[in-house]
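Line by line, the protein sequences give chains A and B.
Be aware that the first sequence starts at -14, since it is given in this note's numbering, and climbs by one per residue.
Be aware that the second sequence starts at 3, since it is given in this note's numbering, and climbs by one per residue.
Take the hints with a grain of salt, since some may be wrong.
As the list claims (entries may be wrong) - Derived DMTMM-like pairs (lysine to aspartate or glutamate); straight-line CA-CA distance at most 20 Å: (1) A/K116 to A/D103; (2) B/K50 to B/E267; (3) A/K80 to A/E117; (4) A/K95 to B/E217; (5) A/K59 to B/E217; (6) B/K142 to B/D154; (7) A/K80 to B/E217; (8) A/K191 to A/E149; (9) B/K110 to B/D145.
What the hints assert, rightly or not - Quick list of simulated restraints, FRET-style, between CB atoms: (10) B/A265 to A/P96: 55 to 61 Å; (11) B/L10 to A/K116: 26 to 32 Å; (12) A/E123 to B/G293: 43 to 49 Å.
It is worth saying that the hints were derived from the structure and are not from the lab.
Note that the Cβ used here is the ideal one computed from N, Cα and C, for glycine as well.
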Amino acid sequence: MIRLDRVSKVYTRGARPALDRVSLEVERGEFLFLVGASGSGKSTFLRLVLREESATSGRVYVAGREITALSQWKVPSLRRQIGVVFQDFRLLPNKTVFDNVAFAQQVIGKPQHAIARDVPEVLELVKLAGKERRMPHELSGGEQQRVAIARAIVNRPAILLADEPTGNLDPTTSAGIMTLLERINRTGTTVVMATHDEVIVNQMRKRVVQLVDGEVVRDEASGAYEKVHIAEGEDPDRVRAGSDGDGEHGPTAEAAS
Amino acid sequence: MSRLRFVLGEIGQGLRRNLSMAVSVVLVTFVSLTFVGSASLLQMQIGKMKGEWYDRVELSIFMCPNGRPTVDTCAGGEATQEQIDAIRALLESPSMEPYVQEVFFETKQEAYDAMKEQFADQDWFQRLDVDQLQVSFRVKLTDPTQIDIVSDEVSGRTGVEYVQDQRKILEPIFMVMNRATVLSAGLAVVMTVTAVLLITTTIRLSAMSRRRETEIMRLVGASNFFIQLPFMLEGALAALLGAGLATGALWAAVRYGVEDWLASEVGFINDYITTADVWLIAPVLAAIGIGIAAVSSLVSLSRYTKV
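One chain only, chain A, in its complex shape (with noise of 0.2 Å):
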């Protein structure tokens, strides 16, 4: 679904690269976490693959094209295969939650009937059936992510990218999002998810790619959101951190062992 071959992409010239030869595939249907610090390259990432950026060398491949040379014309097509979701919601706050969703099909042309139908259905997948005429500033944090997420996913794209989706949230209503993107994922959508939360990794038990300065330095199919590397006693610290959350979550513990 999503291929990388070779890809990297210098925002200016002569500084580190954001991403360094980066190959990589996501096949349909996939559940993937990208990890890594802050400018490890996962927001560049998600960017070249919704065609933000162009890569500086190599190929990237969404659904079956070539996108690197992609002309500008033919770059809305692309994105209309593919759902984005931010950290910060980014609704639109003087409209409800229904014409926040109606919003990206209307702009695409989508005739009234088909979103009379899509979007109560994706509010109702979303859990948010009865709160269609509600602001985006009566909604809590949780439920305006739901908001961003049915928008993201009104047009049945093939591709869910999701930038931070639990990033202001506390760790409650981040399961609830968990739980409601495995299931989005569930129905066929490959679902990539930029993160920084570990618990959220180590629970989920899916595929993990970390980055270390635009360079992918794992890639585990059922993998944790650090590599333990106690028994080579490096870096007691951080391992120790990420196990605090284990204490009052317990997901870790098969990570850990």
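Given chain A, work out where chain B should sit, using these hints.
Then chain B, alone, in the frame of chain A:
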């Protein structure tokens, strides 16, 4: 249909949000197009006046008057009947035939009567004697541009005091009108540049105030055209309103200023521009207004609503 309603809704929102800017765009286009319109109407008036006057008698040949001679050709005093006949014969000769269409002769009495009609109530006319006036020929030409050929042939002959190209009398008037046109056109250019800059700024502000919307539109794959359409239509709508106001102002100026006032006050011009001429340039003004908006949109949108 739903698409159209959506775009119209977006435009309404954009205009409401930047009402003062929208109003200033309307006013600036209004002023700039009024200058454009004035320049064209002035040129139309010049065209009409040329058409009107150049069709009338074009060359006046004044024979020597009674009294002290002022030029060498009048050394012999008042023009004699032989001299007058010689000029008439010359004008009607085969060599002049291709240029001369018609020759009128004006006696002293006819000249007096004509002046009486115009200046009867003037002091100086009361003291004027018929015999002080001079006889003259009025020559209508086949082709007014060849006036010099006839003029050169006649002037300098004995008994001819002077030859007057009537077009020359009009030249100062045309000069004033042409200068007014240049001034008007110059101001039109300045105002048009101002309008382009102002619309560019307005569209930029509008694009910035709708950043969230445009960003989401981009991300869900709305086409460039669809994203930019509301901005372009906003600009075009404001420019069209400006063109409408300019047309209204010019109409009023021609209706009350020219048709009602000038036409009754300044009688020596018969053919004035009318409100029909204003309607003639109205579509041109609208087109220029939309052109201004289009240029501004292209400049600002390519920069501020990048895919």
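Evaluated hints:
1. A/K116 to A/D103: OK: A/K116 and A/D103 at ~15 Å, within 20 Å.
2. B/K50 to B/E267: With a Cα-Cα distance of about 18 Å, the restraint between B/K50 and B/E267 holds, given a limit of 20 Å.
3. A/K80 to A/E117: holds (10 Å)
4. A/K95 to B/E217: holds (18 Å)
5. A/K59 to B/E217: With a Cα-Cα distance of about 17 Å, the restraint between A/K59 and B/E217 holds, given a limit of 20 Å.
6. B/K142 to B/D154: Since the Cα atoms of B/K142 and B/D154 sit roughly 15 Å apart, the hinted pair holds (cutoff 20 Å).
7. A/K80 to B/E217: Holds, at roughly 15 Å.
8. A/K191 to A/E149: Holds: A/K191 and A/E149 sit about 16 Å apart, inside 20 Å.
9. B/K110 to B/D145: Roughly 28 Å between the alpha carbons, so the hint for B/K110 and B/D145 is violated.
10. B/A265 to A/P96: 55 to 61 Å: Holds, since B/A265 and A/P96 (Cβ atoms, about 59 Å apart) stay within the stated range.
11. B/L10 to A/K116: 26 to 32 Å: holds (28 Å)
12. A/E123 to B/G293: 43 to 49 Å: Once the Cβ atoms are compared, 46 Å apart, the range 43 to 49 Å for B/G293 and A/E123 holds.
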